[in-house]
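Visitor: Take 1 as the starting number for the sequence shown in UniProt numbering and just add one per residue.
Mixed in with the good hints there might be a few duds.
Straight-line distance between alpha carbons at most 27 Å, and here's what the computed DSS-like set of lysine-lysine pairs gives [said to hold, decoys possible]: (1) Lys430 - Lys449; (2) Lys291 - Lys319; (3) Lys430 - Lys363; (4) Lys346 - Lys498; (5) Lys430 - Lys339; (6) Lys339 - Lys291; (7) Lys346 - Lys333; (8) Lys319 - Lys290; (9) Lys80 - Lys42; (10) Lys265 - Lys339; (11) Lys446 - Lys430; (12) Lys430 - Lys477; (13) Lys449 - Lys586; (14) Lys498 - Lys363; (15) Lys80 - Lys128; (16) Lys449 - Lys498; (17) Lys80 - Lys107; (18) Lys446 - Lys363; (19) Lys291 - Lys265; (20) Lys477 - Lys446; (21) Lys449 - Lys339; (22) Lys477 - Lys339; (23) Lys363 - Lys291; (24) Lys333 - Lys446; (25) Lys291 - Lys346; (26) Lys319 - Lys339; (27) Lys363 - Lys339; (28) Lys277 - Lys265; (29) Lys346 - Lys290; (30) Lys291 - Lys333; (31) Lys346 - Lys363; (32) Lys46 - Lys128; (33) Lys265 - Lys333; (34) Lys107 - Lys128; (35) Lys363 - Lys265; (36) Lys80 - Lys46; (37) Lys319 - Lys333; (38) Lys339 - Lys290; (39) Lys277 - Lys333.
Just so you know, the hints here were simulated from the structure itself, not pulled from any lab data.
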Amino acid sequence: MVRASNLLFVKEIVVCLSFEVGSRFESKSGIRLHCAEMACVKLGSKTDAFQRQGQAWFCTSGLPSDVVVEVEEMSFHLHKFPLLSRSGVMERLVEEASQGEEGCVIKLDIPGGAKTFETVAKFCYGAKLELTAANVVYLRCAAEYLEMTEEYGEGNLISRTESFLDQVVLETWNDSLQALQACDDILSHAEQLGIPRRCIDSLASKPCADRKLLGWPVMEHGDPLQSPAGSLLWNGISTGAQPNSSSSEDWWYDDASVLSFALYKRLILAMQSQGVKPEIIAGSLNSYAKKYLPGLHWSRGPTAPRNHQVGSLSEEDQKLLVEEIDYLLPLEKGLVPSKFLFGLLKTARILRASPLCVSNLEKRIGLQLDQAALEDLLMPTLMYSMETLYDVDCVSRILDHFLAMDQVAASPGSFDEGQLLLTPMTMVAKLIDGYLAEVAPDVNLKPPKFEALAAAVPEYARPLDDGLYRSIDIYLKSHPWLADADRDHLCRLIDCQKLSLEACTHAAQNERLPLRTIIQVLFFEQLQLRTSVAGCMLVSDNLDISGQAPDEEGWTTKAVREKHALKENMDNMRSRVSELEEECWKMREEIRNLGRTKRLSIWGNVAKKLGFKFQMCSAEEGSVCNQKEGNDNSKLRNDKEKKIPTSNV
């Protein structure tokens, strides 16, 4: 049952609100409000008679001291009666010390040390003091240690601190946080009294509550308690303090980051058990990690922030922190930025975190690989052998996790061509092609590893193979000693039908490509050009017909301009087709000169790849081209005379 003295004590409580200014204000009820940062209550009425001289405190009450209490390096010269009347422990110790020959000297190992005992001594003497959220935990533990119960006086320190803790401190976010932070110094004593658990339970319920119930200041813009300039008001007086501009969900992130990780972890677990949204939990973990892990601030970009206030943790503590952050992060996709996850992964690899932690982070990144940036993938190899400049194996594992997750959603039949351009799979394909181009100049990168990563991306994920062609070309340029077989294997990854005209033009003149690939490129480029010319001719014919429409339709002039433009483009295409046909003819002649056996083998392979048959003359056997080839050549000549391109090769 709560004693009457406790009820009177509650009435004495004065809640001091934080204005961050140095003046005082009088409320309408006459209560004096101090501009402090926490709730407080004033105890005692006597003038403070304590004076410090070096490492000793003296009570200047006019009576000689009859007991000396030593706490840490400090000595307190006090009187027995005030101490005996409030503390059971002091009563026993004074009685034991009084029987000695050296005088009454007591040594205490009190929670909170000399500073806390100073406040306890003032309480015993009835001197003025303040209970605050910052010192109530120390005083509560010290009172328990000294057995300052109601048996030794009504309204003793245990009941006073307990009432203040339960009825004031735990009601607001700021005070609960300060009390929990104080528990770190005397955690074993505080745990015996259940103070950390009570503070954590109080804090865990606050992020989901109305911020206006959690303490001062929590005003949003436009609140009646704001001046026109935006500062906070008290009784109509501008305090100069600005309202908190944080969003309604992340306002507590910075506050919670002041806790030690042991207490912070308990707070996060309590919030999860109370149903706080996973994205809020993840945001807080992101904020906490950035404060204590300097490796998360590494960046290749010139705009990376340079001034970061990070906590000073040893490498071992940082490694444990990374592993715990990975354990606490919710599993849902997209709760934290990919850059943050890559930062955690790089830090974990540098600090040699557990394989399970590294694997989990790779899986998390794989779930949202489509949100990653190219610079994030460029993780240097940390092995002493330094086989490659960048860790290609790690990126390959991340890609495997993405493919395993996305194989159903990104199946070839799930999207049409228009939708495929916007899928996560196509974004990842573009990202991997860019990564391949970055790592291709590494002379230590072996062809099988490069080829395996390039081939891991499904064919349907690349609307165009220009990026893949560029990366392979860079690799071939940086590895001129590659065998023909390795070159051929790499170039087989390129689908020549999915190269743009610009890429085809470059590839047709690229001496680094195998001859077989160049022939394919020329063939499909010619096919594309013929198709384009045929389409232009069809549009031109339509314009000719529509140009005979009456002028009153209002678009004749525009149609004429479009017709001239199409004819000009058509002439350019015809010229390019002629050049390609000439190049093909020259290459065919060169192949014929290589000899009959080699010639038949090469063109047989080309025919299988391109899907058509070439029939050539044989000088040794006296054979000639068949009638079909002659008919095709005649048809081609007739088409040229009519200036109408055919669609057959």
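Visitor: Next step is simple, just say for each hint if it's right about the structure.
Guide: Now the hints, each set against the structure:
1. The hinted pair formed by Lys430 and Lys449 meets the criterion: a straight-line CA distance of about 18 Å does not exceed 27 Å.
2. Between Lys291 and Lys319 the CA atoms are separated by roughly 14 Å; this keeps the pair inside 27 Å, and the hint holds.
3. Of the pairs offered as hints, the one joining Lys430 and Lys363 holds, with about 20 Å between alpha carbons and a cut-off of 27 Å not exceeded.
4. Under the criterion of a C-alpha separation no larger than 27 Å, the hint pairing Lys346 with Lys498 is inconsistent with the structure, at around 36 Å.
5. Distance restraint check for Lys430 and Lys339: the Cα-Cα separation of roughly 18 Å lies within the 27 Å cut-off, and the hinted pair is therefore satisfied.
6. Our distance criterion of 27 Å between C-alpha atoms is met by Lys339 and Lys291, whose separation comes to about 16 Å.
7. Annotation: proposed proximity of Lys346 to Lys333 holds, straight-line Cα distance about 20 Å (limit 27 Å).
8. Using a Cα cut-off of 27 Å, the hinted pair Lys319 and Lys290 holds, with the two alpha carbons roughly 14 Å apart.
9. Straight-line distance between C-alpha atoms of Lys80 and Lys42 comes to about 25 Å, which keeps the hinted pair within the 27 Å bound.
10. Of the supplied pair hints, the one linking Lys265 and Lys339 holds, its CA atoms being roughly 23 Å apart against a limit of 27 Å.
11. A C-alpha spacing of about 22 Å is found between Lys446 and Lys430, which places the hinted pair at or below 27 Å, so the restraint holds.
12. Taking the CA atoms of Lys430 and Lys477, the gap is about 21 Å. The hint holds against a cut of 27 Å.
13. For the suggested pair Lys449 and Lys586, the alpha carbons sit about 37 Å apart, so the restraint of at most 27 Å is broken.
14. Restraint check for Lys498 and Lys363: the C-alpha separation of about 31 Å exceeds 27 Å, so the hint is violated.
15. Simply put, Lys80 and Lys128 have alpha-carbon atoms about 20 Å apart, close enough for the 27 Å limit, and the pair holds.
16. With a CA separation close to 24 Å, the supplied pair Lys449 and Lys498 stays within the 27 Å bound.
17. Using a Cα cut-off of 27 Å, the hinted pair Lys80 and Lys107 holds, with the two alpha carbons roughly 14 Å apart.
18. For a cut-off of 27 Å, the pair hint linking Lys446 to Lys363 stands: about 25 Å separates their Cα positions.
19. Taking the CA atoms of Lys291 and Lys265, the gap is near 15 Å; set against the 27 Å cutoff, the hint holds.
20. Taking the CA atoms of Lys477 and Lys446, the gap is near 14 Å; set against the 27 Å cutoff, the hint holds.
21. Simply put, Lys449 and Lys339 have alpha-carbon atoms about 25 Å apart, close enough for the 27 Å limit, and the pair holds.
22. Of the pairs offered as hints, the one joining Lys477 and Lys339 is violated, with about 32 Å between alpha carbons and a cut-off of 27 Å exceeded.
23. Distance restraint check for Lys363 and Lys291: the Cα-Cα separation of roughly 24 Å lies within the 27 Å cut-off, and the hinted pair is therefore satisfied.
24. With a CA separation close to 34 Å, the supplied pair Lys333 and Lys446 exceeds the 27 Å bound.
25. Taken as a hint, the Lys291 and Lys346 pair is honoured in the structure, with Cα atoms around 16 Å apart against an allowance of 27 Å.
26. Under the criterion of a C-alpha separation no larger than 27 Å, the hint pairing Lys319 with Lys339 is consistent with the structure, at around 19 Å.
27. At most 27 Å may separate the alpha-carbon atoms for a hinted pair to count; Lys363 and Lys339 meet this at roughly 14 Å.
28. Of the pairs offered as hints, the one joining Lys277 and Lys265 holds, with about 16 Å between alpha carbons and a cut-off of 27 Å not exceeded.
29. The hinted pair formed by Lys346 and Lys290 meets the criterion: a straight-line CA distance of about 13 Å does not exceed 27 Å.
30. Between Lys291 and Lys333 the CA atoms are separated by roughly 23 Å; this keeps the pair inside 27 Å, and the hint holds.
31. A threshold of 27 Å between alpha carbons decides the hint, and for Lys346 with Lys363 the separation of about 14 Å falls inside it, so the pair holds.
32. With a C-alpha separation of about 6 Å, the suggested pair Lys46 and Lys128 falls inside the 27 Å cut-off, and the hint holds.
33. Proximity of Lys265 to Lys333 is assessed by CA-CA distance (about 21 Å); at most 27 Å being required, the pair is judged to hold.
34. A distance of roughly 25 Å separates the Cα atoms of Lys107 and Lys128; the hinted pair therefore holds under the 27 Å criterion.
35. Simply put, Lys363 and Lys265 have alpha-carbon atoms about 23 Å apart, close enough for the 27 Å limit, and the pair holds.
36. Under the criterion of a C-alpha separation no larger than 27 Å, the hint pairing Lys80 with Lys46 is consistent with the structure, at around 18 Å.
37. As the CA atoms of Lys319 and Lys333 are separated by approximately 24 Å, the hinted pair is consistent with the 27 Å bound.
38. Between the alpha carbons of Lys339 and Lys290 the distance comes to roughly 12 Å, so the proposed pair stays at or under 27 Å and holds.
39. About 14 Å separates the Cα atoms of Lys277 and Lys333, which keeps this hinted pair within 27 Å; it holds.
In the structure shown, a violation is registered for the earlier hints numbered 4, 13, 14, 22, 24, in ascending order.
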